[in-house]
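**Q** Residue numbers (UniProt numbering), protein chains in the order written: chain A, 1 to 399; chain B, 1 to 328; chain C, 1 to 295.
Incorrect hints may appear among the rest.
To be verified - If the Cβ cut is set under 10 Å, some of the chain A residues that face chain B in the computed set are:
id, residue
1, Gln74
2, Ser81
3, Arg179
4, Gln293
I should point out that these hints are in silico values taken from the structure, not numbers from a laboratory.
Since the model is a prediction, treat every value here as computed from it, not as a measurement.
Note that beta-carbon positions come from the ideal geometry of N, C-alpha and C, so glycine has one too.
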Amino acid sequence: MKIRTMMLAALAATMMAGTALADTAVKIGVLNDRSGIYADLAGEGSVIAARMAVEDFKAADKGIAVEIISADHQNKPDVASTIARQWYDQDGVDVILDVPTSSAALAVNEITREKNKVFINSGAGTADLTGSKCSPNTVHWTYDTWALAHGTGSAMVANGGKKWFFLTADYAFGHALERDTAEVVKAAGGEVVGTVRHPFPGTDFSSFLLQAQSSGAQVIGLANAGGDTINSIKQAAEFGITQGGQALAGLLVFITDVHALGLQTAQGLVLTESFYWDLNDQTREWSKRFSEQNGGKMPTMVQAGVYAGVLHYLKAVEATAGKDAAAIMSKMKEMPTEDPLFGKGSVRQDGRKIHDMYLFKVKTPDQSKGPWDYYDLVATIPADKAFRPLADGGCELVK
Amino acid sequence: MAVETSDPGIALATDTPSAAGMSRQHLLIFAGLLALGLVAPFVLYPVFVMKVLCFALFACAFNLLLGYGGLLSFGHAAYFGSASYVCAHAAKAWNLTPELSILLGTGTACILGIVFGSLAIRRQGIYFAMVTLAFAQMVFFFSLQAPFTGGEDGIQSVPRGRLLGLIDLSADLTLYFFVLAVVFLGLLLIYRIIHSPFGQVLKAIRENEPRAVSLGYRVNRYKLAVFVMSATLAGLAGATKAIVFQLASLTDVYWTMSGEVVLMTLLGGMGTVFGPIVGAAIIVTMQNYLATFGAWVTVIQGCIFVVGVLLFREGIVGVLSKWFKKPL
Amino acid sequence: MFELLGIPPQALFGQLLLGLINGSFYALLSLGLAVIFGLLNIINFAHGAQYMMGAFVAWMLLNYLGVNYWWALLLVPIAVGLFGIVIERLLISRLYHLDHLYGLLLTFGLALIIQGLFRNQYGISGLPYQIPQQLAGGQNLGFMFLPNYRGWVIVASLVVCLATWFMIEKTKLGAYLRAATENPTLVGAFGINVPRLVTLTYGFGVALAAFAGVLAAPIYSVNPNMGADLIIVVFAVVVIGGMGSILGSIITGFGLGLIEGLTRVFYPEGSAVVIFVIMAIVLLVKPAGLFGRTA
């Protein structure tokens, strides 16, 4: 599990320069999918992002020696919990980052609490991490299902998409996504005209799409993820669903999915993300540096979240001059966050990181000026509206 | 349609054991294994060793069916996984003590074994393999959708609890010795089954089913019995694993798990007493230390399968047993 | 919610048609398995991986060499079939004197290797493959919008299935094949090269899987795992149909596609298990399968 251990150049530089020995040695574990369906949106890119954060923070100059290790959790909660346990017990890891896939994230959440370390999640969606399963040791950085459902759901209804049909993956995560979005739709004055639960994972969605087509809905909400979403969008295009006037709303779609689908198929899709490389000068500058190291691929919001998470963690290490989990957690929640990717923000009591979210619409092939030019910004959802209100989550840390 | 096994090894294995129920070299090996098991947690990471133990029991249970019953099941994950789910649920939702939870899980696997087994033994050979696989798929879909299994999340943060309500198992080492005891007893039980008159009849059926029928044995009853035993012990392994990792997840019921246990048995040596233990130790170690190579682990496992089937059908222990001219 | 009994007949037709399309894939794949099993007596666990290879090779031909879909439909089965022949000669042929189960284990290992290699090379997100221009768009059938490509899938697979059936049941080559299945020694004594026949048969079965893979590429994303789950469903189809009959595997394939299609309307959650449930029932009532000879 230590194969990919990377002693950072920063550490080596410190030694060669003969400066004072590092006061604090920190070990960061990036645990994510390196071979599966989320390898493109997290994977090695998240490790690169973590490394960039250490370099940009100039950790070595500040007397903090950072080592980054990484492993593949294959999106399985059992593999994730085994690795996390071993990292904490055996390898001296202080903080785990990323961990896409909700089931794996919840597993790491529990182990981090048990071992009293720090967990900064970027990749997973489940809002339970800062709700019923919230932990004093966890920060949930980038996004969650509540934010996605509200961003996409309310925007679609506001644009006249009042009648919804849900295509839901038949497992806990899909159900949660559907439930959250349906609530938003109803609260905004829309209605849900139908729901179909498809087996997970599925390959052929045509039958379900046909049911959606004949339901008379204006919006088809895709409450699924990964390959299921890609296939349903692809087959929706094939059956002429978007041409027929029905809009597709992806409830969990990443820029890498759009990349895999191609603009021809994905055009017109509305989705919510917390980061896009082409938002402003700072994100463009950082993303350019990132893509140079990542084979030309632009960063996803998950990778951006890993960068920002590491940066904020290191600031807390510097401020507390140590790595005691409780001290660092309270420092991270007390300090406002600031980084080039998400701007200014904060970490809430329940561990929820607060920042703006953005509603995007996927461009048509004609509108796109080049590779990775995929999104048009439709609306900015201000930070105070983007996430579930503190009181509604049912987190026991909120008194 | 029996699985071809290493003939010399089997011929020797049918030697009647001594009055104590165990031949001397087997006694020595069991003692050696126990000693190894007692020392291991002080040298290696205990959770890792517990994983090896659980899979060793799983592979031995599987070997009981394949190596001695001659039946290749491609769906043993169903028993391993369902036991793991029931055990986790019992410990978490009903707050049962670990030993009761494990018993409940094992019982579930036993019942499933009876239901699926009585259907599956209607077919033989390849059909049998595919039928067991299909049943395992049904269990997988059930686990994915049933409300109590938690779908993708599985059942997480299962309490390790107090053994008999007295001994706190939350420390890795305490739990370790409990798991060691469970697994070791399971292995001894399997050993007893193999070397009982029942085991002899099984071997007769495996070698020549028509002859066994003509001798008046009710072949299907024996097949069902060994199927149920194998499923039950696989369930014991799965239930114990749920307590160790405090987690029951879909991985345990997915068909790749069924493939893995075949691999462990094949690699270690099917139809040998100790082979599956060796096979399990190797595969688990490999998965643990090669985890970061991602898909390469799959490729390596595939290569082991191919090489094993082509050149190495006796497995590691089978080869050793040939060298030493002793059944192992 | 979708009403159970309120489905107009037109919608039902649509769903049945879609079921038939899925059935096309089941039929092609189970046909390949049946052909291989008939002569080699092994269950080709690598069938799913070879189906996936078909889709990938089509993608590679298009992206690296600019070979279009129609040529791919011809070239890919040949290329992957050749690969199958090499595998049969190098590996599988060494196992004929052993129990059939070893063949199952060997091909299972091969499937792991092939899938692992493709995952390493191409990741798992899936690669896009456009529907050929000639078949883009669709027809409004009144009761549903049928994409031209899906219609083509039904036609192509029916033609290939029936051609295979004709070849095996009605031609001289097929007669040799069937005879070799019954008694290879005797057929060999008549001067027919049985090992070569076996090799070619395996290659042909693999080519069928690859053909299905090319057909699937434009509708499902080209993905290293696309065959892994499908193969288990196809196994169940094969158990239901029984291994004995070529026509049986074709009919079962299409029939189960239809049943699955209906389940998707009436009880979508169950559509993934319905085939396995049917399998259990068939086993109880008719253990040899619907069209099978007694094993």
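**Q** Are there hints from earlier that the structure breaks, and if so, what are their numbers?
**A** 3 and 4
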